[in-house]
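**Student:** From just these sequences and the hints, can you work out the full model?
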Amino acid sequence: MARSEQQSNERYGGRWFWRYASPSAFFAPAGRIETLCWVLAAVLAAIGLYLGFFVAPTDAQQGEAYRVIFIHVPAAWMAMVIYLAMAFWSLLGLWLGTRLSFMMSHALAPTGALMAVLSLWTGALWGRPTWGTYWVWDARLTSTLILFFLYVGYMALAAAFDDRRKGDRAAALIALVGAINVPIIYFSVKWWNTLHQGSSVRPGSSSMATIMLAAMLIMTFAFWAYSIAAAMHRLRTIIIEREGNAAWLRASVLGGKR
Amino acid sequence: MSLRRATAAVFRRELQLFARRKSDWANPLMFALIVCALFPFAVGSESERLRLIGIGVIFVAALLAAMLSLPRLFDEDARDGTLELLLMSPEPLAALLLARVAAISLVLGVALALLAPLFALFYALPMTVAGVLALTVAMAVPTLLLIGSIAAALLVSARGGAILTAVLVLPLTIPTLIFGAGAALRVLQGESAASELALEGAILLLALALCPPAAAAALRISTD
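Same order as they appear, the protein sequences are chains A and B.
Each residue of the first sequence is one higher than the one before, starting from 1 at the first, in the numbering used here.
Each residue of the second sequence is one higher than the one before, starting from 1 at the first, in the numbering used here.
Simulated from the structure, these hints should not be mistaken for laboratory data.
Watch out, some of these pointers could steer you wrong.
Unchecked claim - Here's a subset of chain A near chain B, in silico, CB distances under 10 Å, partners left out:
hint	residue
1	L91
2	L92
3	G97
4	L147
5	Y154
6	L176
7	V177
8	A209
9	I211
10	L213
11	A214
Idealized CB from N, CA, C, for every residue including glycine.
**Tutor:** So, in structure tokens, the structure goes:
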């Protein structure tokens with residue numbers, strides 16, 4: 001075992017992690033990460049939702065309606081983080097030409113779009129009792145909507161090519177163009193209109209009760225775990241879809257039977 | 001062939017195509033005119049109401065008209081082989097693409113900018129507003145064409161052409177829309193539009209610097 005590991009280290013330039021740039025090497029670890037993250041997501045969400053819905057005190061101004069932030073804020077954060085991750089893997093793919101990086105981007109996109117929709121949806125549900133309307137054109141809602149458009153554009157472009165290699169690289173390029181544009185869009189939209197209440201989570205001087213903050217952070221980790229698990233699951237599906245004919249895959253899916 | 005001669009040749013060819021095939025510039029202008037004429041039917045013809053929406057309608061109509069001309073950037077050239085020659089040129093592809101976008105911007109940008117004050121009459125906008133609108137449309141059209149050239153280059157060999165171009169490009173033009181229409185709105189409210197105009201220009205310069213290399217990379221990917 002040790003010998004074969006050493007051999008592969010030599011083959012992949014001495015860095016052990018480069019081994020995992022290959023879909024065949026990463027397929028099994030991805031499965032283990034997926035299982036671990038599903039468990040983590042379930043446990044953390046159970047704790048976070050319990051704290052958020054039953055333990056955290058009622059807000060003085062917003063009543064019970066504020067409790068949607070335990071879903072809304074983590075979803076909004078994930079929508080942004082996942083776009084950055086997608087752009088990162090796209091850059092890596094274009095730079096190094098690694099197939100797995102492109103697959104990773106593809107695996108992340110639907111989860112990111114889901115997070116954007118989720119944060120818009122819960123934002124609307126929150127806005128109705130607090131602002132009296134489902135939708136206002138404020139900077140953060142509008143930027144999230146535009147982020148959703150960028151996810152949709154990425155997925156539509158990736159699906160528009162018959163040639164997978166082209167589709168991978170084209171979508172990666174548009175992900176990077178989007179990533180450069182996101183801050184420009186954000187600041188111009190902010191310039192255009194700011195109605196939103198100030199960000200209530202700041203490092204150091206938080207205006208939230210400790211228990212609320214704890215619940216929200218636990219929910220954030222739950223969303224991270226969910227996103228990683230979903231991405232890993234999708235990644236494995238993409239690998240099976242693309243490399244379905246490879247001998248190693250048949251062997252591992254059929255449980256070693258040839 | 002030197003870089004200067006190559007870009008000049010590409011630029012001249014584009015202008016010649018416009019001169020010989022008048023529908024290439026006439027149709028986008030007609031499109032913008034018709035879009036501007038449609039809105040009063042939908043919202044009513046009181047000049048108070050029209051003045052409120054006029055700037056936005058004219059600006060979006062100009063952007064849409066410019067966007068409709070994006071497929072002409074590469075589609076035909078891919079069919080008749082011109083694109084292959086561009087790709088094989090020893091000169092940097094980004095510079096050649098910039099020359100093409102510059103030629104199209106010159107024709108469409110100037111034409112739409114000249115028409116904008118005319119559309120402003122439809123919407124009962126004062127002449128000072130019309131002037132600023134012309135200026136910002138003249139900056140926004142090249143910005144859109146530069147950003148759009150990336151999408152058009154990617155989609156040369158893909159399915160779903162025009163609609164997908166719109167889905168990819170329009171969200172990215174929101175900043176230029178905000179500052180372009182914002183400048184005219186400021187003037188309409190009797191304020192100074194200097195900061196909006198400066199930001200609109202900054203976005204154009206940023207697009208000028210970043211988009212041609214990205215479009216060149218996109219073209220290499222899609223014609224690979």
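**Student:** Hint by hint, note whether the structure agrees.
**Tutor:** Hint-by-hint comparison with the structure:
1. L91: violated, 12 Å
2. L92: violated, 16 Å
3. G97: Check failed: Cβ of G97 (chain A) comes no nearer than 12 Å to chain B, outside 10 Å.
4. L147: holds, 9 Å
5. Y154: Given a least distance of 9 Å, the restraint on Y154 (chain A) holds.
6. L176: Since the shortest Cβ distance to chain B is 8 Å, the answer is holds.
7. V177: Because about 6 Å separates V177 (chain A) from the closest Cβ in chain B, which is inside the 10 Å limit, the hint holds.
8. A209: violated, 37 Å
9. I211: Nearest chain B Cβ about 39 Å off; hint violated.
10. L213: violated, 33 Å
11. A214: violated, 36 Å
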